[in-house]
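Enquirer: Protein sequences appear in the order of chains A and B.
All residue numbers for the first sequence refer to the working numbering, where the first residue is 147 and numbers rise by one.
All residue numbers for the second sequence refer to the working numbering, where the first residue is 147 and numbers rise by one.
Check before you lean on any hint, since a few could be wrong.
Since copy identity is lost for identical chains, a pair holds within one copy or between any two.
To be verified - Subject to a maximum C-alpha distance of 27 Å in a straight line, what follows is the list of computed BS3-like cross-link-like pairs (lysine-lysine):
{"hint": "1", "residue 1": "Lys355", "residue 2": "Lys292"}
{"hint": "2", "residue 1": "Lys247", "residue 2": "Lys459"}
{"hint": "3", "residue 1": "Lys422", "residue 2": "Lys271"}
{"hint": "4", "residue 1": "Lys272", "residue 2": "Lys433"}
{"hint": "5", "residue 1": "Lys272", "residue 2": "Lys227"}
{"hint": "6", "residue 1": "Lys355", "residue 2": "Lys310"}
{"hint": "7", "residue 1": "Lys355", "residue 2": "Lys459"}
{"hint": "8", "residue 1": "Lys394", "residue 2": "Lys247"}
{"hint": "9", "residue 1": "Lys396", "residue 2": "Lys215"}
Hints were generated in silico from the structure; no laboratory data involved.
2 protein chains.
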Amino acid sequence: MIPFENAFDQVLQNTLDLGDETVTLLNSTGRILSEDIKADRDFPPFNRSTKDGIVIAFSAIEKGISSFKIEGVLSAGMPQKSLSTDINCFEIMTGAVLPKKADTIIMYEQTEIQDGCATITSIPKKGQNIHSQGTDEQKGAILLKKGTEITAAVIGVLASVGKKEVLVKKLPKICVVSTGNELVEIHETPLPHQIRKSNSLSLAAALEKVKITPTLLHIADDKNAIEKELEKAFLTHDIMMLSGGVSKGKFDFIPGALTNLEIKKIFHRVAQRPGKPFWFGIQKEKKKVVFSFPGNPVSTFANYHVYFLPWLKRSLGLKVEKQSAILEETIQPHPSLTLFVQVTTQWKDGKLIAKTIKGNGSGDLVSLALADGFIRVPQGGEEIAQNTVFDFIAAS
Amino acid sequence: MIPFENAFDQVLQNTLDLGDETVTLLNSTGRILSEDIKADRDFPPFNRSTKDGIVIAFSAIEKGISSFKIEGVLSAGMPQKSLSTDINCFEIMTGAVLPKKADTIIMYEQTEIQDGCATITSIPKKGQNIHSQGTDEQKGAILLKKGTEITAAVIGVLASVGKKEVLVKKLPKICVVSTGNELVEIHETPLPHQIRKSNSLSLAAALEKVKITPTLLHIADDKNAIEKELEKAFLTHDIMMLSGGVSKGKFDFIPGALTNLEIKKIFHRVAQRPGKPFWFGIQKEKKKVVFSFPGNPVSTFANYHVYFLPWLKRSLGLKVEKQSAILEETIQPHPSLTLFVQVTTQWKDGKLIAKTIKGNGSGDLVSLALADGFIRVPQGGEEIAQNTVFDFIAAS
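Bound-form chain A, shown alone (with noise of 0.2 Å):
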């Protein structure tokens, strides 16, 4: 058994890169960019208008004139135009190219329009109302970075730059295991000795987030099964995430199978609850990662969070950051374990504060289904005192 900062660092220290792949533009939601992002063209691509009102040359106001004849109208999409002499005006739109001769902009507000005819109501600066080209952005700088998140602010930079299609770091594929005799589908009426598989739907729901689809697998609890089965799952697998078969159980057949077939053992038991018998291991030349999970929804579900999607931000070239909570109550530390506790969360004046959550235990469910995420409470002997600050985990 090993301290659960231990286990935390050998798995973010056994990460897979399993390079890149181009994926269309709208399939690339979640995804992490494998490529800088260049400008290809000057942003904004032309001298653009900002307001709606008139264009006009300075050296008019200069001048004295105040009174400008209007040649047409200029609105965004239109091909830049020319104004014929300083004595004249455009009405423009916003969005729409500055004309050649002109150099300033007065929006409707400050004008009077009559008869062909729009007289400005106050001095403009020369200038002014003009988002000059190439000043958000010049052609070929870099917009974006390798190993940004795609978000939806960033899919429109995407989109500007005419990126169709774009490079990503590729997801591992990953094969959800499910094992116990116990266990039945969830459209079948269980016998009073069994009960529905819930494990491995709420793995795969909490995978829809970070973009990957699993293959379901059910492994009866039996030794030469689950090796084949386990050892045809890795064909076409690169991470398998298992649920149950890993306590100390007569039973429990997945460490032996993993060892078999030349998964190394990184570590198996973790002084933490829940998911104290949590097994972790790799196979470095073939590219496999094992997360075996204890077979109680709650350790799976909190292993999940705390170690899984770590691994996966780690292996992706992305930081972990840590998030933090304020525990508004006590807390008695655990002497000799690390305890993931349930709580909700609400926002109060910036801060995030958690309350804990009174579970029935690892194996409820329920409570789970309520909780915002865990927050992180160290071993210890003394109780902890109210608004002290933990790590938090946020549930997916």
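For chain A, the structure is supplied; the task is to place chain B on it using the hints.
Expert: Positioned in the frame of chain A, the structure of chain B alone reads:
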């Protein structure tokens, strides 16, 4: 022009209830339950072993017996057995059914097993290591209430009660409409006076996060085309989400077209930056709502998060909860406009600390891509001190 607070209230007063629909369990993540979920049996459904070890009748301990003949091994998934006499025991695994005539489980660590006999090394407590039937939840109890968001943990609960299909709130059908003759598709090479569409793709990516796949529609800046196309789109969508065409320019036909289509304007123009020309309207009888955002990307993005997301939450029957953040810097409010200022955030001791991004103005997509969200700075005169708490609107 109306103040932000007024606009926000009016948006939340004009929600739509679109009713319910049934979806399959694995398609229900992120949706909102429209039914109470009840326990179809007790949880746990039987007296369940929580340890690997042996199971005995405590009456034996009272008689001074400490060594037990092993009758067999009980594992999870086996039907209930019965202890034949209290001088015997079973080996029992975690998750297995407690046998009849037995009531106490002793973990392996506190036994010595030799020659088919288990000797206990310490005195157990009667009933220990048993998770009793119905102690988590009793049959018929409400496990999840109508109105619960379906998270990964909720999926686990739904699976365990056999909900292969689930009744959820319907989501609105949304048509994202871009207007503007300057816009070309992302795969096209724009002419010098043209730019590629980005708003509608950015909105589509943001909507994906709330499980909505919108229709994308582009309409030229032509009054008749706009009316005709919008009228058609209204037939098959609940929400129009437009960007562009709501300023005061000569080609901003949207407000007129919407009025002609008998969409009642609730407001047009809000005292805010970005996003001043925002137009909001509703057709109550036909249950149609229109969010018509200004054309520039930052305005559309801010308005979507500030108005649409709370509107959606309220329409789905959820509480609109406010998040907040602490701004490290001083900030100058605007005398008459509510500002939505782009910030990056980081966690520090349970607090969300914000820093402003120095953007190039409301058209600057690249600075938007760096932002974690917006803080809302109410209008005012005096500079606001550092470390003040602001409402924070997280970016998708």
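Enquirer: Run every hint past the structure and note whether it holds.
Expert: Results of checking the hints against the structure:
no., hint, result
1, Lys355 / Lys292, "both (22 Å within a copy, 23 Å between copies)"
2, Lys247 / Lys459, "neither (53 Å within a copy, 51 Å between copies)"
3, Lys422 / Lys271, "between (70 Å within a copy, 23 Å between copies)"
4, Lys272 / Lys433, "neither (63 Å within a copy, 49 Å between copies)"
5, Lys272 / Lys227, "within (20 Å within a copy, 93 Å between copies)"
6, Lys355 / Lys310, "both (23 Å within a copy, 20 Å between copies)"
7, Lys355 / Lys459, "both (13 Å within a copy, 19 Å between copies)"
8, Lys394 / Lys247, "between (84 Å within a copy, 25 Å between copies)"
9, Lys396 / Lys215, "between (94 Å within a copy, 18 Å between copies)"
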